[in-house]
Amino acid sequence: MTEPLLAFLNARTIRAQVQAADWRAAIARAGDLLVEDSAVEPRYIEAMQATVEEHGAYVVIAPGIALPHARPEDGVIRPALSLVTLAEPVAFGHADNDPVDVVLAFGAVDKAAHVRALQELARLLGDDDAVAGIRAARTDEELLDAIHGTSADSRSAGNESTDNDDSPDGLGR
Amino acid sequence: MRIAALCGMGFGTSMMLKLAVEDVLAAEGIKGEVLSWDVGSFRSQQVDVVVASSDMRRQLEGAEVPVALIDSVVNKDEIREKVLAAIREHQAEGG
Numbered sequence: 001m002t003e004p005l006l007a008f009l010n011a012r013t014i015r016a017q018v019q020a021a022d023w024r025a026a027i028a029r030a031g032d033l034l035v036e037d038s039a040v041e042p043r044y045i046e047a048m049q050a051t052v053e054e055h056g057a058y059v060v061i062a063p064g065i066a067l068p069h070a071r072p073e074d075g076v077i078r079p080a081l082s083l084v085t086l087a088e089p090v091a092f093g094h095a096d097n098d099p100v101d102v103v104l105a106f107g108a109v110d111k112a113a114h115v116r117a118l119q120e121l122a123r124l125l126g127d128d129d130a131v132a133g134i135r136a137a138r139t140d141e142e143l144l145d146a147i148h149g150t151s152a153d154s155r156s157a158g159n160e161s162t163d164n165d166d167s168p169d170g171l172g173r
Numbered sequence: 001m002r003i004a005a006l007c008g009m010g011f012g013t014s015m016m017l018k019l020a021v022e023d024v025l026a027a028e029g030i031k032g033e034v035l036s037w038d039v040g041s042f043r044s045q046q047v048d049v050v051v052a053s054s055d056m057r058r059q060l061e062g063a064e065v066p067v068a069l070i071d072s073v074v075n076k077d078e079i080r081e082k083v084l085a086a087i088r089e090h091q092a093e094g095g
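These protein sequences, in sequence, are chains A and B. Numbered per our numbering, the first sequence spans residues 1 to 173. Numbered per our numbering, the second sequence spans residues 1 to 95.
Simulated from the structure, these hints should not be mistaken for lab results. Just so you know, not all the hints are guaranteed correct.
In silico lysine-lysine, DSS-like type, Cα no more than 30 Å apart, as pairs [what the hints assert, rightly or not]:
1) B:K31 x B:K76
2) B:K31 x A:K111
3) A:K111 x B:K76
Some chain A residues flagged as far from chain B (calculated, every beta-carbon gap over 12 Å) [said to hold, decoys possible]:
4) S38
5) E41
6) D74
7) G75
8) A95
9) D101
10) L118
11) L125
12) G126
13) D145
We put the beta carbon where it would ideally sit given N, CA and C, even for glycine.
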């Protein structure tokens with residue numbers, strides 16, 4: 001059985017060291033990846049931002065890590081997850097866990113379907129070494145390695161990432 | 001023992017909390033049911049203990065049952081410690 005995280009987080013749905021001026025932009029950058037991957041409608045990004053406005057920054061689930069999401073009916077096409085790391089951390093307004101430099105945008109179609117992905121995600125984000133690797137990654141390739149572990153044979157297909165390096169400091173290794 | 005795992009929408013954070021709390025209950029041999037809700041629906045539910053993100057502190061002020069407020073939803077040690085404390089508090093109340 002495919003690991004949900006390996007399936008969700010691939011070269012199309014991760015970006016290392018993106019620029020975002022504030023929490024809204026950070027959510028938009030993570031959400032853009034899901035829109036480009038045809039996993040959510042563009043309105044889902046606004047819905048994720050509205051969730052933070054409405055309910056506060058509880059989406060910052062751990063120090064420096066935000067998991068913005070909205071409801072299935074807000075425009076989710078299929079279950080999806082994206083991950084961006086920020087070049088400059090931003091504040092979400094969380095009393096304890098600000099500032100945020102890892103943003104995972106998450107779209108669910110129903111409560112049951114994404115449980116396994118969340119379990120995998122909890123395991124990944126509970127692993128301090130893995131999170132340190134995610135934060136340290138300068139390139140998308142390094143980020144994928146940090147997410148999926150360093151063993152090359154565990155990498156999913158689709159690793160031949162195109163030149164989507166739009167970060168100003170995309171210096172490569 | 002009925003435990004409510006809460007977040008703003010009952011989907012993401014509360015589901016991660018639910019999974020973590022279920023692990024704690026299993027490891028400690030405590031019988032209980034963990035349900036994930038959004039904070040609005042929860043008001044009408046009968047539960048023994050509430051587990052939520054620490055950012056929901058204000059929404060949960062005045063709760064009638066022990067509340068475990070979690071800073072890091074992925075920190076198993078923190079969740080175990082705070083959830084067990086809340087369960088003990090509930091038991092001390094004769095629940």
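Hint by hint, here is what the structure shows:
| no. | hint | verdict |
| --- | --- | --- |
| 1 | B:K31 x B:K76 | holds, 19 Å |
| 2 | B:K31 x A:K111 | holds, 23 Å |
| 3 | A:K111 x B:K76 | holds, 22 Å |
| 4 | S38 | holds, 21 Å |
| 5 | E41 | holds, 17 Å |
| 6 | D74 | violated, 10 Å |
| 7 | G75 | holds, 14 Å |
| 8 | A95 | violated, 7 Å |
| 9 | D101 | holds, 15 Å |
| 10 | L118 | violated, 5 Å |
| 11 | L125 | violated, 4 Å |
| 12 | G126 | violated, 4 Å |
| 13 | D145 | holds, 20 Å |
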